[in-house]
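For the record, the sequence lines run as chains A and B. Residues in the first sequence are numbered from 1 upward in steps of one, following full-length UniProt numbering. Residues in the second sequence are numbered from 1 upward in steps of one, following full-length UniProt numbering.
Please keep in mind that the hints were generated in silico from the structure rather than gathered at the bench. Heads up, some of the hints might be wrong.
Any copy, or any two copies together, can satisfy a pair, since identical chains are not distinguished.
[Claimed, not checked] List of simulated lysine to any residue pairs, SDA-like, C-alpha gap at most 25 Å:
#, residue 1, residue 2
1, 52, 72
2, 52, 4
3, 17, 33
4, 9, 124
5, 60, 108
6, 17, 122
7, 17, 40
The lines below spell out each chain.
There are 2 protein chains.
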Amino acid sequence: MADFESIAKQFVEFYYKTFDENRANLIALYRPQSMLSFEAQAFQGAQAIIEKIQSLPFQKVAHRVDTLDSQPSSETGAILVLVTGALLVDGQERPMSYTQAFQLHPEAGTYFVFNDVFRLVYPAA
Amino acid sequence: MADFESIAKQFVEFYYKTFDENRANLIALYRPQSMLSFEAQAFQGAQAIIEKIQSLPFQKVAHRVDTLDSQPSSETGAILVLVTGALLVDGQERPMSYTQAFQLHPEAGTYFVFNDVFRLVYPAA
Chain A
1 MADFESIAKQ FVEFYYKTFD ENRANLIALY RPQSMLSFEA QAFQGAQAII
51 EKIQSLPFQK VAHRVDTLDS QPSSETGAIL VLVTGALLVD GQERPMSYTQ
101 AFQLHPEAGT YFVFNDVFRL VYPAA
Chain B
1 MADFESIAKQ FVEFYYKTFD ENRANLIALY RPQSMLSFEA QAFQGAQAII
51 EKIQSLPFQK VAHRVDTLDS QPSSETGAIL VLVTGALLVD GQERPMSYTQ
101 AFQLHPEAGT YFVFNDVFRL VYPAA
């Protein structure tokens, strides 16, 4: 079994590279039972999730990952991933902080996204 | 079965109230298999986790929850919770942003914390 930290790191690199280059391709990471909470809006299933991701109102986006934590999250090989980072959209100068939690479930030698929760983080003060 | 959103909300209220009033009591929420990643430091087991929480170098702390998302995270009733909020320690004026992901596992009619990942979030710019 590959170790969960390597899998989480590979997943996160692949996820945001794909998001920033061609987000339509993220559909391969979701299944009918996958869930996305995006800024409190809930979506279920690969098709609904990818439609939401593609509908986001920016053309160019770049994610910067600042922190990445992972833990085994079930007896059957699932992995919890928590990311914090910055998001730069459409060439704006001011990045936005975000946090995103994923739970990856194993499937036939690979993983899919079972849980996905995204939130922008505003300055606390 | 109580719905996952109500359980997540009750858990989060109880967790931070207990943290801010008497953090030693949080030990009841963890089990030997529980994991905590706190600012990239990893701990496993209720005893190690509570020692870390109690060793945090502040006397007074107040958590403010800004967002709370939850999703079912297994076939067996686990719940993923993602919180963003602000942390005010020792009467300092400037709050710090944080994000915390939990996975709650069901056990005999209640829940314990299987996964716990905490990160401060610094302004992106």
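Item to check | Hints that the structure is at odds with (numbers, increasing) | outcome: 5
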